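*Asks:* Just so you know, the protein sequences line up as chains A and B, in that order. Using numbering that gives the first Met the number 0, the letters of the first sequence correspond one by one to residues 0 to 406. Using numbering that gives the first Met the number 0, the letters of the second sequence correspond one by one to residues 0 to 147.
Hint data in this document are derived by calculation from the structure and do not stem from the laboratory. Bear in mind the structure is a predicted one, so any value in this text is a computation, not a measurement. Each residue gets a CB set at the ideal place from its N, CA and C atoms; glycine is no exception. Treat the hints with caution; some may be incorrect.
[What the hints assert, rightly or not] Okay, derived cross-link-like pairs now, EDC-like style, lysine to aspartate or glutamate, Cα gap no bigger than 16 Å in a straight line:
#, chain 1, residue 1, chain 2, residue 2
1, B, Lys13, A, Glu330
2, B, Lys13, A, Glu174
3, A, Lys47, A, Glu32
[To be verified] Label-pair restraints from in silico Cβ distances:
#, chain 1, residue 1, chain 2, residue 2, range
4, B, Phe111, A, Leu17, 30 to 36 Å
5, A, Gly259, B, Lys129, 14 to 20 Å
6, B, Glu33, A, Ile300, 32 to 38 Å
Read off the chains here:
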Amino acid sequence: MAEEMRIVLRNVGKIDPLKIEDYINAGGYKSLEKARGMDRGELIEEVKKSNLRGRGGAGFNCGMKWSFSYKLETDQKYVVCNADEGEPGTYKDRIIMMNDPQSLFEGMAICGYAIGSNKGYIYCRGEYPYVVEHLNKAIAQAKDKGVLGDFDIEVRMGAGAYVCGEESALIESIEGHRGEPRFKPPFPGVEGLWGKPTIVNNVETFANIPVILEKGAEWFKNIGAASYPGTKVLTLTGDVVNRTYFEVPTNVTIRDVVFGLGGGIVDNKKFKAVQIGGTSGGFIPEELLDTQIDFDSMSKIGAALGTGAVFVMDETRDIVDIVTRITKFFEHESCGKCNPCREGTKRMHEMVERINNGTGRVADMDLLENLGGVMSVACLCGLGQAAPAPVLTTLKHFKNEFNAKLN
Amino acid sequence: MSDYTTIIDSYKDKPGGIIEAYHALQKEYNYIPEDAITAAAEAFGMSPAQAYGVATFYSYFKVGPRGRYIIRICESAPCHVAGAEEVVSALESELGIKMGETTADGKFTLEFTECVGQCQATPIITINSKPYEDMSAEKIPAVLAEYK
Ligand SMILES: Cc1cc2nc3c(=O)[nH]c(=O)nc-3n(C[C@H](O)[C@H](O)[C@H](O)COP(=O)(O)O)c2cc1C
Ligand code: FES
Chain A
0 MAEEMRIVLR
10 NVGKIDPLKI
20 EDYINAGGYK
30 SLEKARGMDR
40 GELIEEVKKS
50 NLRGRGGAGF
60 NCGMKWSFSY
70 KLETDQKYVV
80 CNADEGEPGT
90 YKDRIIMMND
100 PQSLFEGMAI
110 CGYAIGSNKG
120 YIYCRGEYPY
130 VVEHLNKAIA
140 QAKDKGVLGD
150 FDIEVRMGAG
160 AYVCGEESAL
170 IESIEGHRGE
180 PRFKPPFPGV
190 EGLWGKPTIV
200 NNVETFANIP
210 VILEKGAEWF
220 KNIGAASYPG
230 TKVLTLTGDV
240 VNRTYFEVPT
250 NVTIRDVVFG
260 LGGGIVDNKK
270 FKAVQIGGTS
280 GGFIPEELLD
290 TQIDFDSMSK
300 IGAALGTGAV
310 FVMDETRDIV
320 DIVTRITKFF
330 EHESCGKCNP
340 CREGTKRMHE
350 MVERINNGTG
360 RVADMDLLEN
370 LGGVMSVACL
380 CGLGQAAPAP
390 VLTTLKHFKN
400 EFNAKLN
Chain B
0 MSDYTTIIDS
10 YKDKPGGIIE
20 AYHALQKEYN
30 YIPEDAITAA
40 AEAFGMSPAQ
50 AYGVATFYSY
60 FKVGPRGRYI
70 IRICESAPCH
80 VAGAEEVVSA
90 LESELGIKMG
100 ETTADGKFTL
110 EFTECVGQCQ
120 ATPIITINSK
130 PYEDMSAEKI
140 PAVLAEYK
């Protein structure tokens with residue numbers, strides 16, 4: 000059976016998160032010191048070599064991203080931590096920030112040194128005012144101790160818009176605008192916040208950095224799956240016995256997660272489906288449970304690791320009803336900037352709802368597939384591109400449930 | 000209550016600070032007063048239309064009055080399957096209003112929300128952002144009693 004392996008959560012329950020001395024006594028800020036003694040290029044090379052890939056959903060090589068900003072010469076660069084955590088079923092970033100905020104700051108400061116930036120922002124979702132307060136207290140302690148040197152960190156609060164988790168929309172929001180994604184390229188690493196090179200990384204990505212520097216890229220890249228090494232913090236919801244969070248190496252299987260650490264299905268009912276990565280993830284049927292959770296293995300089965308949210312559904316759950324709810328989410332959260340998403344999410348919700356109500360038409364099934372295909376390539380940002388995934392994967396694996404409502 | 004111009008002015012020098020200013024206004028009033036939009040536009044050097052556009056983009060902001068206690072019910076899929084609908088019915092019947100409405104005494108407003116990141120104990124409601132875990136129709140009267 001799979002076992003937990005705590006890298007990102009290494010200090011959870013062991014230190015008082017609002018006592019910086021605890022963090023320092025546990026070896027904290029040694030990695031920042033080490034980094035500052037290194038050549039910037041070599042530091043980035045080390046992060047790149049570890050093959051740490053983004054934990055916010057897109058899975059981009061972290062060191063590679065840093066290298067784009069590092070190379071540019073400008074008067075100002077920024078480090079932004081994405082703590083928007085809007086993907087339903089996800090709360091891992093909250094766990095990290097509440098239990099070990101200093102390791103996030105240390106990761107950000109290392110990035111700041113690497114790319115040549117003295118200003119960091121943490122964009123924390125508006126639903127977490129208590130986290131913002133907590134972070135501000137922890138930042139004050141770090142400033143008092145002087146551990147961050149000349150690197151400044153400021154917290155900005157989102158205000159309830161899922162799309163603001165998308166990095167360019169997030170940047171727009173920090174700038175005080177409507178959170179609408181930008182056209183890319185240029186990517187934020189080249190032209191981000193106020194037009195300056197900006198590294199946007201997820202909370203969990205940053206929290207990995209101090210440990211990678213402490214133990215080395217070689218150590219890290221041998222943990223979990225070779226193509227997406229390290230661990231992933233997962234949050235379990237739905238009809239699973241252990242509705243909790245844990246951190247596992249990335250080569251565990253979905254079955255290990257749901258039936259091992261997850262403890263199986265509540266009341267010994269049968270498993271029907273699991274949706275991983277949040278509400279934009281694909282639905283996974285029983286026969287694919289032996290897939291590894293790493294980024295590439297999940298992509299291969301038309302699913303996604305995403306944020307690591309694991310939403311389990313038992314045999315009694317109504318797939319079409321759940322997908323109706325999900326399509327409503329995307330209609331509501333579409334920012335309206337691009338037509339394929341604004342119209343597409345609306346029509347997709349309309350059709351699925353019709354089927355769910357028993358007034359659907361057989362033609363709707365083909366239309367849904369067609370529309371989903373168009374959206375996944377034509378939408379401006381990842382919101383609209385991923386929105387069809389729950390519909391398309393359930394049409395593939397649970398078509399009988401749609402058919403049953405058509406008659 | 001402090002004057003909204005004082006609140007807005009204290010964020011004026013923060014780059015992109017209009018959203019922080021709106022948060023501060025809501026903390027004070029629970030909503031953004033209509034006139035504050037024009038004041039914010041001026042302070043942050045945008046047109047009133049742009050300042051209004053920012054305020055209305057974000058679901059956490061509300062322009063114009065609403066209740067003192069904002070009760071939000073998470074309807075994202077994990078809360079949905081855990082029974083959010085029963086919690087909605089219980090709140091509606093207990094307060095005598097429908098979702099989206101405010102009680103006549105101006106005390107409670109009912110709103111839907113998407114996931115608030117407390118999914119370890121679904122279904123979740125929040126009252127002025129404070130989360131209440133593992134909600135059920137039976138627990139609603141006791142929760143509301145805290146605010147009555
Ligand atoms: C609609 C949408 C929402 C997103 N929400 C988040 C989020 O809440 N947190 C996050 O870290 N990344 C989110 N992302 C991914 C970011 O755009 C970006 O890839 C990520 O922050 C990069 O950090 P990483 O490389 O460390 O993962 C979202 C993307 C899209 C398209
Ligand atoms: S799904 Fe309701 S709080 Fe996350």
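*Asks:* Each hint: holds or not?
*Replies:* Cross-check of the supplied hints:
| no. | hint | verdict |
| --- | --- | --- |
| 1 | Lys13(B) x Glu330(A) | violated, 33 Å |
| 2 | Lys13(B) x Glu174(A) | holds, 10 Å |
| 3 | Lys47(A) x Glu32(A) | violated, 19 Å |
| 4 | Phe111(B) x Leu17(A): 30 to 36 Å | holds, 34 Å |
| 5 | Gly259(A) x Lys129(B): 14 to 20 Å | violated, 34 Å |
| 6 | Glu33(B) x Ile300(A): 32 to 38 Å | violated, 51 Å |
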